[in-house]
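**Q** Whenever a hint applies, use it, and build me the whole structure from the sequences.
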Amino acid sequence: MISNAITLMIAVPLIGAVLCFAAKSQARIVALIASLVPLFISLQMYTGFDKTSKLMQFVESYNWVPSLGVKYTVGVDGIGMPLVLLSTIVSVLVVIYSWGEHDRANQFFALLLLNEVGVLGVFTSLDFFLFYIFWEIVLIPMFFLIGNWGGPRKSYAAIKFFIYTHIASLIMLLAIFGLYFTYRMPDGSRTFDMLTLIQATSDKVLFPPALINLIFAGLLFGFLVKMPAFPFHTWLPDAHVEAPTAGSVLLAALLLKMGGYGIFRVILPMLPNVDKMFVTVIAIIAVLSIVYGAFLALAQKDLKKMVAYSSVSHMGFVTLGAVAFTWLSIQGAMFQQFSHGLITCVLFMSAGTIQHTVGTRIIADLGGLADRMPKFAVLMLAGFMASLGLPGMSGFVAEFTVLAGSYATLPFYTLIVIFFSVAITAAYHLWSMQKVMFGPILPKFLDVHDAHTYEIASMTAFILLIILFGVQPALITDIMGTAAYQVMEPVKTLAQMGVI
Amino acid sequence: MFSDFAYLIVGLPVLAFVLCLFFGWHLPRGGGFMTVLATFVGLIISWGIYKEMPALPNGILHQSMPWFANFNVGILVDPLAIAMLLMITFVVTLIHTYANAYMDGDPGAARYFAEAALFTASMLGLVYSDNLLQLFIFWELVGLCSYLLIGFWYRKPSAAAAAKKAFLTTRVGDVLFLLGIVLLYNNMVSLNLHLAPGEYLLQFPVIYKYLALIPPTQLTFVALCLLGGAVGKSGQFPLHVWLPDAMEGPTTVSAMIHAATMVTAGVYLVARMFPLFYAAPNALTVVALVGAFTALFAATMGLTTFDIKRVLAFSTVSQLGFMMAGLGVGSVVGAASVGISIFHLIGHSFFKALLFLCAGSVIHAVGTNDMREMGGVGKYMKWTAYTMLIGGASLAGFPLTTGFFSKDEIIVTAYEYGLAQSFIPYLFLVLAAILTAIYTFRLWFVAFTGEPRSDYHKHESPWLMLGPLCILAVFALGFGIVAQGGFYDYVGTNFDHYGVNFAELGVIGGHAIEDAEGVAAEGEHAVAAEGEHGAAAEGKEGGDAGEPWYIQILPIIIALGGILVAALFYYLHKFDPSMITSERDPIRKLLLKGYYQHEIYTQWFAEKVIYGTAIVCNMIDIKIVDGALNWISEVIVAFGGGVRRVQTGVVQNYITAVMLGVVVLVVVIEIALQVGFV
Numbered sequence: 241m242i243s244n245a246i247t248l249m250i251a252v253p254l255i256g257a258v259l260c261f262a263a264k265s266q267a268r269i270v271a272l273i274a275s276l277v278p279l280f281i282s283l284q285m286y287t288g289f290d291k292t293s294k295l296m297q298f299v300e301s302y303n304w305v306p307s308l309g310v311k312y313t314v315g316v317d318g319i320g321m322p323l324v325l326l327s328t329i330v331s332v333l334v335v336i337y338s339w340g341e342h343d344r345a346n347q348f349f350a351l352l353l354l355n356e357v358g359v360l361g362v363f364t365s366l367d368f369f370l371f372y373i374f375w376e377i378v379l380i381p382m383f384f385l386i387g388n389w390g391g392p393r394k395s396y397a398a399i400k401f402f403i404y405t406h407i408a409s410l411i412m413l414l415a416i417f418g419l420y421f422t423y424r425m426p427d428g429s430r431t432f433d434m435l436t437l438i439q440a441t442s443d444k445v446l447f448p449p450a451l452i453n454l455i456f457a458g459l460l461f462g463f464l465v466k467m468p469a470f471p472f473h474t475w476l477p478d479a480h481v482e483a484p485t486a487g488s489v490l491l492a493a494l495l496l497k498m499g500g501y502g503i504f505r506v507i508l509p510m511l512p513n514v515d516k517m518f519v520t521v522i523a524i525i526a527v528l529s530i531v532y533g534a535f536l537a538l539a540q541k542d543l544k545k546m547v548a549y550s551s552v553s554h555m556g557f558v559t560l561g562a563v564a565f566t567w568l569s570i571q572g573a574m575f576q577q578f579s580h581g582l583i584t585c586v587l588f589m590s591a592g593t594i595q596h597t598v599g600t601r602i603i604a605d606l607g608g609l610a611d612r613m614p615k616f617a618v619l620m621l622a623g624f625m626a627s628l629g630l631p632g633m634s635g636f637v638a639e640f641t642v643l644a645g646s647y648a649t650l651p652f653y654t655l656i657v658i659f660f661s662v663a664i665t666a667a668y669h670l671w672s673m674q675k676v677m678f679g680p681i682l683p684k685f686l687d688v689h690d691a692h693t694y695e696i697a698s699m700t701a702f703i704l705l706i707i708l709f710g711v712q713p714a715l716i717t718d719i720m721g722t723a724a725y726q727v728m729e730p731v732k733t734l735a736q737m738g739v740i
Numbered sequence: 003m004f005s006d007f008a009y010l011i012v013g014l015p016v017l018a019f020v021l022c023l024f025f026g027w028h029l030p031r032g033g034g035f036m037t038v039l040a041t042f043v044g045l046i047i048s049w050g051i052y053k054e055m056p057a058l059p060n061g062i063l064h065q066s067m068p069w070f071a072n073f074n075v076g077i078l079v080d081p082l083a084i085a086m087l088l089m090i091t092f093v094v095t096l097i098h099t100y101a102n103a104y105m106d107g108d109p110g111a112a113r114y115f116a117e118a119a120l121f122t123a124s125m126l127g128l129v130y131s132d133n134l135l136q137l138f139i140f141w142e143l144v145g146l147c148s149y150l151l152i153g154f155w156y157r158k159p160s161a162a163a164a165a166k167k168a169f170l171t172t173r174v175g176d177v178l179f180l181l182g183i184v185l186l187y188n189n190m191v192s193l194n195l196h197l198a199p200g201e202y203l204l205q206f207p208v209i210y211k212y213l214a215l216i217p218p219t220q221l222t223f224v225a226l227c228l229l230g231g232a233v234g235k236s237g238q239f240p241l242h243v244w245l246p247d248a249m250e251g252p253t254t255v256s257a258m259i260h261a262a263t264m265v266t267a268g269v270y271l272v273a274r275m276f277p278l279f280y281a282a283p284n285a286l287t288v289v290a291l292v293g294a295f296t297a298l299f300a301a302t303m304g305l306t307t308f309d310i311k312r313v314l315a316f317s318t319v320s321q322l323g324f325m326m327a328g329l330g331v332g333s334v335v336g337a338a339s340v341g342i343s344i345f346h347l348i349g350h351s352f353f354k355a356l357l358f359l360c361a362g363s364v365i366h367a368v369g370t371n372d373m374r375e376m377g378g379v380g381k382y383m384k385w386t387a388y389t390m391l392i393g394g395a396s397l398a399g400f401p402l403t404t405g406f407f408s409k410d411e412i413i414v415t416a417y418e419y420g421l422a423q424s425f426i427p428y429l430f431l432v433l434a435a436i437l438t439a440i441y442t443f444r445l446w447f448v449a450f451t452g453e454p455r456s457d458y459h460k461h462e463s464p465w466l467m468l469g470p471l472c473i474l475a476v477f478a479l480g481f482g483i484v485a486q487g488g489f490y491d492y493v494g495t496n497f498d499h500y501g502v503n504f505a506e507l508g509v510i511g512g513h514a515i516e517d518a519e520g521v522a523a524e525g526e527h528a529v530a531a532e533g534e535h536g537a538a539a540e541g542k543e544g545g546d547a548g549e550p551w552y553i554q555i556l557p558i559i560i561a562l563g564g565i566l567v568a569a570l571f572y573y574l575h576k577f578d579p580s581m582i583t584s585e586r587d588p589i590r591k592l593l594l595k596g597y598y599q600h601e602i603y604t605q606w607f608a609e610k611v612i613y614g615t616a617i618v619c620n621m622i623d624i625k626i627v628d629g630a631l632n633w634i635s636e637v638i639v640a641f642g643g644g645v646r647r648v649q650t651g652v653v654q655n656y657i658t659a660v661m662l663g664v665v666v667l668v669v670v671i672e673i674a675l676q677v678g679f680v
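Residue numbers (the working numbering), protein chains in the order written: chain C, 241 to 740; chain F, 3 to 680.
No lab work stands behind these hints, which were simulated from the structure alone. Every value quoted in this text rests on a predicted model; they were computed, and no experiment measured them. Take the hints with a grain of salt, since some may be wrong.
To be verified - One side only, chain F facing chain C, incomplete, derived with CB under 7 Å:
| no. | residue |
| --- | --- |
| 1 | Leu143 |
| 2 | Phe169 |
| 3 | Tyr187 |
| 4 | Ile617 |
| 5 | Cys619 |
To be verified - Label-pair restraints from in silico Cβ distances:
| no. | chain 1 | residue 1 | chain 2 | residue 2 | range |
| --- | --- | --- | --- | --- | --- |
| 6 | C | Ile399 | F | Pro217 | 52 to 62 Å |
| 7 | F | Glu462 | C | Leu686 | 34 to 44 Å |
| 8 | C | Lys294 | F | Ser424 | 42 to 52 Å |
| 9 | C | Asp515 | F | Leu215 | 46 to 56 Å |
As the list claims (entries may be wrong) - Heads up, simulated BS3-like pairs for lysine-lysine below, C-alpha to C-alpha not over 30 Å straight-line:
| no. | chain 1 | residue 1 | chain 2 | residue 2 |
| --- | --- | --- | --- | --- |
| 10 | C | Lys264 | C | Lys444 |
| 11 | F | Lys625 | C | Lys394 |
| 12 | C | Lys684 | F | Lys576 |
| 13 | F | Lys576 | F | Lys384 |
| 14 | F | Lys610 | F | Lys591 |
| 15 | C | Lys394 | C | Lys675 |
| 16 | C | Lys615 | C | Lys541 |
| 17 | F | Lys576 | C | Lys541 |
| 18 | C | Lys675 | F | Lys610 |
| 19 | F | Lys158 | C | Lys541 |
| 20 | F | Lys384 | C | Lys615 |
| 21 | F | Lys53 | C | Lys675 |
We treat Cβ as the ideally placed atom computed from N, Cα and C, and that holds for glycine.
**A** Structure below.
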């Protein structure tokens with residue numbers, strides 16, 4: 241087993257990003273190697289992962305700013321491990337998908353790698369200070385990806401994305417300070433250690449209801465904006481519509497997962513300590529995200545915007561499963577994070593490929609593309625089927641598990657979701673598929689060619705993974721099952737584990 | 003020995019799917035022989051298992067392994083499943099063989115056989131799933147294959163639209179099915195059962211074992227939700243609208259998916275969960291009414307259609323209604339109704355597959371679906387004409403054909419049900435049976451007799467197509483008389499292998515109470531209550547003997563009468579349809595318009611209500627949700643613009659501002675300390 245695996249996994253793409261800037265023409269090869277190494281490391285970690293343990297694994301901890309109680313602490317458990325795996329997989333396949341990018345390629349690939357650094361850091365940090373730094377680092381490459389390689393309204397979208405999510409981050413930071421300044425270690429010092437602080441919130445004397453509710457609301461706001469959940473979702477469609485394909489893929493597949501990760505890591509362990517009203521509020525937000533998001537997707541005229549709203553709808557399942565707070569629903573919600581991360585890549589890649597082979601994404605202007613793009617059509621159809629929850633693919637497993645688990649504690653909300661989302665979701669996928677791909681080929685598209693080999697390869701890999709995890713979800717859920725127990729129990733801090 | 007290879011029944015078609023998908027393009031006829039072979043080996047294995055089953059524990063084959071969380075995957079072969087397995091592998095092998103000729107020369111042949119193989123695998127997997135979740139998974143996969151194959155000629159807008167409609171309409175039913183699974187799962191969880199190793203909550207044997215502990219109202223909810231799924235898949239009213247449109251697919255697809263196998267999955271689901279339906283108060287009554295009404299409703303539409311495949315499609319909907327009604331009357335006759343209904347299911351799959359393949363043979367030659375352009379086809383296609391005549395006779399219930407035994411058993415049982423509960427299903431079914439005989443022979447006479455009404459190719463189809471027709475014709479003719487008695491007993495006693503106590507379930511479902519008052523049903527339940535092997539079936543036979551003679555022979559009169567009416571109108575031309583109806587007849591218009599279903603479902607519900615809601619949501623999102631955000635940002639920008647003027651450059655002003663700020667800060671901190679935040 242590699243020692244310091246996590247640090248290495250974060251450092252390699254960071255070094256790779258610097259090299260990419262320098263390597264003018266061969267940037268994509270540097271990027272591919274620099275993203276394959278983390279994938280290899282995360283696969284090593286996955287095989288070496290103890291599925292039965294409720295403790296943090298691969299922990300590394302060093303003092304950073306001792307006077308402030310800031311440490312460099314990283315480690316993964318059943319919550320983080322699948323997302324680390326997802327991040328490394330998606331990063332490699334996005335680099336492959338972007339193989340044909342020639343516009344300032346060195347900067348482009350460097351930003352992709354920098355993004356990987358940020359998300360891996362978020363999913364492994366166990367110190368709030370470090371967590372926040374990585375959380376903010378992620379904004380930078382995405383801001384430039386949208387702002388430099390984006391569509392016609394790229395400036396508006398980039399700034400809206402940045403300000404909206406940044407304000408949410410600041411409010412989250414205030415809440416973190418609330419935790420930091422309230423709690424003192426037994427020796428009187430302050431700490432940013434995540435697990436310690438989260439565990440401390442169960443102390444009713446230290447954290448009176450008014451305070452803990454305020455802190456909780458701040459954290460929750462930060463995470464919900466990132467997910468994004470209704471009514472904080474409006475930055476997402478704008479960002480997606482203008483972002484380049486690779487940017488959209490990373491945004492939907494990885495950046496949104498940071499919000500979900502925060503829910504599992506921070507929100508759920510605190511949930512038993514806060515006002516019960518929060519459960520109702522979060523459940524309503526989840527249901528509205530799912531149902532309202534699905535209806536919004538149905539109304540869209542731009543294929544990419546439709547896919548963007550489908551993300552809002554699908555991420556609602558994460559919120560619903562989490563707040564339902566049963567063993568099964570939490571597992572389902574975690575699996576939905578993983579599964580949506582894979583599926584949404586295919587959807588955004590489909591929209592992107594159509595955009596740059598045909599020149600438009602407006603659904604009404606397209607028609608009969610399957611005739612000229614047969615391979616691409618198969619992959620897009622497979623992706624759409626996965627997204628609408630076809631069994632045999634990962635999305636179904638996740639959504640079914642969420643619904644079956646949520647009914648026990650939130651029957652009314654679950655019923656609404658089943659009634660209003662299952663059929664609507666199928667409707668917008670099939671409707672757009674029919675308009676875009678089927679029917680007679682429009683004369684103006686007669687000389688359209690099939691997608692590039694690297695695009696086909698990347699999408700095929702995603703489809704195979706979606707089927708693999710749909711047929712054999714235990715590969716991931718075995719890890720999550722333990723993690724689901726873990727978030728429902730009092731958190732074990734690293735000190736209690738004897739790690740530090 | 004064969005039992006160890008049960009997984010191959012699904013495995014081989016999956017292999018054929020992969021091979022056809024990737025290599026079929028380079029093989030003759032799209033690699034269709036692989037699909038045929040995979041299915042045929044499945045038939046052999048199924049037959050082997052059938053022979054081995056009596057020697058297995060409890061007379062059933064059950065294999066299971068864990069999947070994820072607390073769900074499993076497994077194989078369960080009992081008499082009900084093996085009957086379906088044998089029928090599907092047999093009929094589908096023949097249809098695949100036929101398709102090798104039918105699809106020859108189509109550039110998409112490889113895609114066809116890949117999708118057909120995937121369908122075969124999914125359908126077989128559905129039938130021998132050992133738990134409800136796995137059944138649902140395959141249920142959705144057959145839906146996918148149906149979508150892909152209806153839209154096989156995807157360049158045709160009508161085919162693409164029909165595919166989407168089929169998927170979405172059945173999806174509405176699947177919403178309820180999914181809900182039913184979620185409800186059942188949570189009810190099972192709340193029982194706090196201590197399951198043995200290898201037992202899982204959604205496994206059928208476990209459900210049978212513990213369902214009596216679930217509250218009866220919950221059982222009814224679950225049963226009605228599952229029925230919702232069945233209604234969607236089996237094209238029952240009100241979700242039947244997709245099935246006639248599904249005829250846009252190749253005719254082999256219509257024969258395979260939309261006649262013989264997939265559409266019967268809904269009936270199979272109700273049969274599979276029969277103990278639950280039996281224990282759920284009022285559930286079977288709903289099943290009986292839905293089925294009987296659909297049988298009649300669809301038959302009326304079959305009368306006025308001119309598209310040869312759509313006539314057969316309406317007929318399928320109608321016959322599926324018969325099967326549903328056959329299960330529904332189980333509230334009076336008990337589990338024997340499963341045998342009766344499944345017998346019709348299997349007989350129907352023979353003669354309806356035959357009819358579709360014959361229609362395909364005709365369409366292949368004539369090049370149109372419209373019966374008005376055919377006429378006299380029988381002169382040039384003798385084999386097709388006579389095999390189709392056999393199929394039609396069986397469908398119409400001509401004495402001694404398969405359809406005669408299977409359909410009439412349902413009608414007679416419905417009479418028993420009438421004596422005990424209500425005569426409505428019986429009435430609907432009798433009327434539907436008359437119409438069935440009429441529209442079937444209308445079709446045959448119009449297409450095959452008389453003079454050619456258009457200039458079509460006058461040739462018989464190749465033997466690769468005629469062979470399957472002849473084999474199916476033999477079964478459509480003889481299966482009923484050979485298999486009748488033994489089959490009812492074999493499938494009707496399916497649940498005895500699990501030790502299901504129907505007497506106890508009947509008390510929960512409220513059937514036993516009705517028995518005390520009812521006359522006809524009393525005998526059966528007395529027998530069933532003793533719990534003897536095959537009790538239900540014996541009770542059924544006992545019931546039969548008690549029917550008056552006119553009830554017994556009524557079905558024969560219906561069939562012959564219907565055929566006679568059709569012959570008078572369309573063969574002998576003694577009468578003309580215009581003598582009864584005119585173009586302006588409102589009933590005729592209603593039927594031709596298909597009861598305005600397109601207007602109601604598509605134009606009003608889908609396009610106005612659902613899409614309208616979406617548009618409204620979009621307006622809200624732009625104007626209110628995002629609008630509020632833009633408003634806030636404008637306020638901030640305006641505020642910034644105002645604040646900019648504060649920067650006057652006059653030092654005194656700055657000092658004043660700083661002082662004010664300090665005061666405000668002190669006040670805020672003071673308040674915070676009072677409240678106790680810091």
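**Q** Does each hint hold? Answer for all of them.
**A** Going through the hints against the structure:
1. At its closest, the beta carbon of F/Leu143 sits 6 Å from a beta carbon of chain C; the interface hint therefore holds under the 7 Å criterion.
2. The beta carbon of F/Phe169 is positioned within 7 Å of a beta carbon in chain C (closest approach about 6 Å), and the interface hint is therefore held.
3. At about 5 Å, the closest approach between the beta carbon of F/Tyr187 and any beta carbon in chain C falls short of 7 Å, and the interface hint on this residue holds.
4. Interface hint at F/Ile617: satisfied, since its Cβ lies 5 Å from the closest Cβ of chain C, which is below the 7 Å cut-off.
5. The restraint placing F/Cys619 at the interface with chain C holds, with a minimum CB-CB distance near 4 Å, inside the 7 Å limit.
6. Separated by about 57 Å at the C-beta atoms, C/Ile399 and F/Pro217 satisfy the suggested range of 52 to 62 Å.
7. Distance hint check: the CB atoms of F/Glu462 and C/Leu686 are about 40 Å apart, consistent with the given range 34 to 44 Å.
8. At about 59 Å, the beta-carbon gap between C/Lys294 and F/Ser424 misses the expected band of 42 to 52 Å.
9. About 37 Å separates the C-beta atoms of C/Asp515 and F/Leu215, a value inconsistent with the hinted range of 46 to 56 Å.
10. With a CA separation close to 57 Å, the supplied pair C/Lys264 and C/Lys444 exceeds the 30 Å bound.
11. Pair hint F/Lys625 plus C/Lys394 holds up; C-alpha atoms about 21 Å apart against a cutoff of 30 Å.
12. Annotation: proposed proximity of C/Lys684 to F/Lys576 is violated, straight-line Cα distance about 57 Å (limit 30 Å).
13. Distance check on the hinted pair: F/Lys576 and F/Lys384 sit about 26 Å apart at the alpha-carbon level, within 30 Å; holds.
14. Restraint check for F/Lys610 and F/Lys591: satisfied, since their Cα atoms lie roughly 24 Å apart, inside the 30 Å limit.
15. A threshold of 30 Å between alpha carbons decides the hint, and for C/Lys394 with C/Lys675 the separation of about 27 Å falls inside it, so the pair holds.
16. Among the hinted pairs, C/Lys615 with C/Lys541 is consistent with the structure: their alpha-carbon atoms are about 24 Å apart, no more than 30 Å.
17. For the given pair, F/Lys576 sits about 58 Å from C/Lys541 by alpha-carbon distance, which is inconsistent with the 30 Å threshold.
18. Between C/Lys675 and F/Lys610 the alpha-carbon distance is near 19 Å, which keeps this suggested pair within the 30 Å criterion.
19. The straight-line distance between the Cα atoms of F/Lys158 and C/Lys541 is roughly 23 Å, inside the 30 Å bound, and the hint therefore holds.
20. For a cut-off of 30 Å, the pair hint linking F/Lys384 to C/Lys615 is broken: about 43 Å separates their Cα positions.
21. Between F/Lys53 and C/Lys675, the direct Cα distance comes to roughly 51 Å. Violation of the 30 Å bound is thereby established for this hinted pair.
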